[in-house]
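First residue of the sequence shown? That's 1 in the numbering used here, and the numbers climb one at a time after it.
Among the clues, some could well be false.
Label-pair restraints from in silico Cβ distances [what the hints assert, rightly or not]:
1. Arg173 to Met574: 23 to 33 Å
2. Glu487 to Ile399: 49 to 59 Å
3. Lys676 to Gln620: 24 to 34 Å
In silico DSS-like pairs for lysine-lysine, Cα to Cα no more than 25 Å straight-line [unchecked claim]:
4. Lys272 to Lys250
5. Lys263 to Lys485
6. Lys537 to Lys676
7. Lys700 to Lys677
8. Lys228 to Lys263
9. Lys478 to Lys464
10. Lys478 to Lys231
11. Lys480 to Lys466
12. Lys743 to Lys485
13. Lys676 to Lys714
14. Lys272 to Lys231
15. Lys743 to Lys165
It is worth saying that the hints were derived from the structure and are not from the lab.
Bear in mind that the values here come from a model prediction, so they are computed numbers and not experimental data.
Each residue gets a CB set at the ideal place from its N, CA and C atoms; glycine is no exception.
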Amino acid sequence: MENTMNPTTLARTKSDQLVIETQAAAATTLNEAAPVTSDSGGILSRKSSKRFMMGASPGRSSGGGNKNNTHIWKSRSAQMKLDTEELSLSSGAALSRASSASLGLSFSFTGFTVPPDEIADSKPFSDDDIPEDIEDGPSKPKFQTEPTLPLYLKFIDVTYKVTTKGMKTCEERDILNGISGAVNPGEVLALMGPSGSGKTTLLNLLGGRLNQSSVDGSVTYNDQPYSKFLKSRIGFVTQDDVLFPHLTVKETLTYAARLRLSKALSRQQKEKRAIDVIRELGLERCQDTMIGGSFVRGVSGGERKRVCIGNEIIINPSLLFLDEPTSGLDSTTALRTVQTLHDIAEAGKTVVTTIHQPSSRLFHKFDKLILLGKGSLLYFGRASEVMVYFSSIGCSPLIAMNPAEFLLDLANGNINDISVPSELEDKVQMGTSETETRNEKPPPTVVHEYLVEAYESRVAENEKKKLMTPLPLDDENKLKVSSSKREWGASWWEQYCILFCRGIKERRHDYFSWLRITQVLSTAVILGLLWWQSDTKSTGGRQDQAGLLFFIAVFWGFFPVFTAIFTFPQERAMINKERAADMYRLSAYFLARTTSDLPLDLILPVLFLLVVYFMAGLRQSLGPFFYSMFTVFLCIVAAQGLGLAIGATLMDLKRATTLASVTVMTFMLAGGYFVKKVPVFISWIRYMSFNYHTYKLLLKVQYQDIMPSVNGIKIDNGLREVVALVAMIFGYRLLAYLSLRRKKLHS
1 MENTMNPTTL ARTKSDQLVI ETQAAAATTL NEAAPVTSDS GGILSRKSSK
51 RFMMGASPGR SSGGGNKNNT HIWKSRSAQM KLDTEELSLS SGAALSRASS
101 ASLGLSFSFT GFTVPPDEIA DSKPFSDDDI PEDIEDGPSK PKFQTEPTLP
151 LYLKFIDVTY KVTTKGMKTC EERDILNGIS GAVNPGEVLA LMGPSGSGKT
201 TLLNLLGGRL NQSSVDGSVT YNDQPYSKFL KSRIGFVTQD DVLFPHLTVK
251 ETLTYAARLR LSKALSRQQK EKRAIDVIRE LGLERCQDTM IGGSFVRGVS
301 GGERKRVCIG NEIIINPSLL FLDEPTSGLD STTALRTVQT LHDIAEAGKT
351 VVTTIHQPSS RLFHKFDKLI LLGKGSLLYF GRASEVMVYF SSIGCSPLIA
401 MNPAEFLLDL ANGNINDISV PSELEDKVQM GTSETETRNE KPPPTVVHEY
451 LVEAYESRVA ENEKKKLMTP LPLDDENKLK VSSSKREWGA SWWEQYCILF
501 CRGIKERRHD YFSWLRITQV LSTAVILGLL WWQSDTKSTG GRQDQAGLLF
551 FIAVFWGFFP VFTAIFTFPQ ERAMINKERA ADMYRLSAYF LARTTSDLPL
601 DLILPVLFLL VVYFMAGLRQ SLGPFFYSMF TVFLCIVAAQ GLGLAIGATL
651 MDLKRATTLA SVTVMTFMLA GGYFVKKVPV FISWIRYMSF NYHTYKLLLK
701 VQYQDIMPSV NGIKIDNGLR EVVALVAMIF GYRLLAYLSL RRKKLHS
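Please take these sequences and the hints and turn them into a complete structure.
Structure representation (structure tokens):
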């Protein structure tokens with residue numbers, strides 16, 4: 001037809017029209033948002049630059065198919081062309097200022113000082129220039145913005161000492177020496193310093209995780225001391241990712257929400273909060289993936305760290321502590337993690353984090369900075385002003401370097417690439433043996449002393465005066481912090497049910513591993529072949545059968561003990577973390593932990609007896625089979641109680657394994673099979689042995705109503721043995737609970 005247009009012409013016409021419309025829209029946005037200042041000759045604001053980049057970025061476009069890709073890239077090219085034209089109309093001062101900002105603090109590195117009012121503009125990256133993870137989809141929603149109690153953290157002249165006990169002497173060691181600082185809602189405070197400088201100790205002290213009897217100084221929250229009420233308002237992310245490896249990301253956060261969120265919320269609301277946190281942290285792709293561990297493949301390191309952060313921000317905390325959240329992460333993942341912390345602070349929360357050696361981009365994300373060296377305070381103040389301060393005391397980089405590297409070199413006393421202050425140069429020129437070195441540089445000890453003295457003489461007094469000023473808060477916010485009442489997120493029964501379900505989901509993988517199933521079934525088959533259809537009519541046949549029953553009592557006494565020993569020592573880090581946050585009561589955890597094993601412990605013994613019982617030709621009747629099963633189950637639960645008690649009492653795997661080996665061997669020897677006549681002074685041991693009572697019960701089950709005695713053991717109803725095993729079940733578990741209660745799990 002004559003009216004039909006060429007497809008190429010049509011596409012070009014539409015493309016030209018799209019370019020014209022995009023230019024008009026971008027010009028309108030720039031005219032409305034870009035301020036013109038007289039001192040710089042006109043420069044685009046950060047917000048307009050952000051909107052410009054959001055419009056030009058293909059990752060933020062709403063189009064989802066390949067058909068729109070051409071138009072997206074053409075519109076981006078048009079916007080870039082328009083931006084170039086705008087910048088060409090700007091003055092040379094604006095271009096010079098932009099190039100200076102891209103160089104960061106290079107002027108201060110070469111001896112020039114950047115004016116304080118220009119520091120904010122000299123950041124090489126703006127707060128919003130974060131590389132976005134395109135795989136995560138469109139931009140994530142902002143963090144929880146519901147009202148939260150604002151917490152102002154202050155600490156003045158904080159000191160902390162530990163006592164190291166030697167063979168003959170006790171020595172006190174200073175970990176922190178008079179540290180002062182403060183952080184307000186909406187700010188991110190970074191604790192920097194070399195390894196061993198006291199960063200983690202200071203973080204634990206501020207988070208209420210240390211024994212307060214060894215702490216001197218003042219630590220206040222809204223001008224009030226630490227109280228139990230703050231446990232539900234403080235989030236604490238440890239350096240080690242303490243998570244259950246066999247739970248998925250969604251299950252981990254859901255259980256945390258159900259345990260920690262307020263009772264006023266329903267279960268559906270709590271689960272919805274977990275989904276919201278997953279979306280906020282960009283964990284949608286891996287929400288159904290197991291966390292993983294040393295021997296279990298799971299999520300990546302960055303995703304694990306975000307799950308740990310999600311475990312804490314799920315309660316909408318007022319104060320968030322993080323111990324080296326970027327350790328082990330690549331620079332891009334670390335930057336995204338720190339940006340997450342920045343977003344959390346923008347929502348009105350107070351964030352304190354330790355950082356080991358951040359990149360230059362990470363360094364500019366922090367609002368305040370504390371630099372520690374050997375437990376002493378070298379700097380506290382705005383992170384953007386730290387280079388200006390050290391330049392004022394004569395310490396400037398001689399080469400261009402990352403500000404974090406420069407600060408860590410100073411904290412370590414290494415000034416090879418740093419200018420030497422005149423005071424220290426005088427000491428070197430004096431040539432005393434105390435300060436003289438081969439390269440004419442002062443030793444690290446002298447540098448450290450100079451930095452401490454410089455801070456105390458120039459800055460410390462003014463900062464302490466600021467900290468002594470009362471906060472402009474009403475009495476209501478102060479009284480809330482001083483409350484000593486704990487707030488549990490769930491009732492005792494709800495805590496028990498949640499922990500019971502979590503325990504079964506976590507440990508079912510270990511119980512039903514092929515290694516354990518093969519171990520039990522192979523042992524059962526070997527026993528069945530060795531005692532194949534044993535004769536019960538002759539005396540020799542009964543002796544052989546008694547040996548089989550004794551081995552069953554020993555095997556199902558030995559096996560559970562060494563499985564239960566690992567329970568509390570391996571989960572100690574998790575107990576410390578969750579109990580310090582008041583997630584649940586210790587009694588609810590202990591009962592859920594011990595009862596969640598019972599359904600799983602019953603399956604393997606059933607398979608074992610199904611193979612052994614009929615292959616060995618034991619008493620072919622339904623009653624004796626179930627009685628034998630009940631006896632073995634009592635033995636397993638009693639042996640587990642002994643393992644739990646040993647593990648909870650010692651909390652050390654090597655010592656617990658050694659003690660359990662000696663105890664189980666003693667119980668086995670006193671079990672009534674090897675020695676019939678035990679001396680009176682040691683005969684009491686057999687009554688504490690679950691092997692002895694289990695062996696007697698199995699004999700009575702097999703030979704009841706057949707013969708009056710077997711191997712000197714009188715055949716009766718077995719009530720005493722049942723009572724003894726039940727007493728062991730509860731007695732050993734009570735000992736384990738009291739041991740856990742006695743342990744200082746929070747230290």
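Here is how each hint holds up against the structure:
1. Arg173 to Met574: 23 to 33 Å: Given about 29 Å between the Cβ atoms, the range holds.
2. Glu487 to Ile399: 49 to 59 Å: 53 Å, holds
3. Lys676 to Gln620: 24 to 34 Å: Holds, since Lys676 and Gln620 (Cβ atoms, about 29 Å apart) stay within the stated range.
4. Lys272 to Lys250: 11 Å, holds
5. Lys263 to Lys485: 15 Å, holds
6. Lys537 to Lys676: 23 Å, holds
7. Lys700 to Lys677: 20 Å, holds
8. Lys228 to Lys263: Judged against 25 Å, a Cα distance of about 18 Å means the pair holds.
9. Lys478 to Lys464: Judged against 25 Å, a Cα distance of about 21 Å means the pair holds.
10. Lys478 to Lys231: 16 Å, holds
11. Lys480 to Lys466: Since the Cα atoms of Lys480 and Lys466 sit roughly 24 Å apart, the hinted pair holds (cutoff 25 Å).
12. Lys743 to Lys485: 23 Å, holds
13. Lys676 to Lys714: Holds, at roughly 13 Å.
14. Lys272 to Lys231: The given pair, whose Cα atoms are some 23 Å apart, holds under the 25 Å limit.
15. Lys743 to Lys165: With a Cα-Cα distance of about 20 Å, the restraint between Lys743 and Lys165 holds, given a limit of 25 Å.
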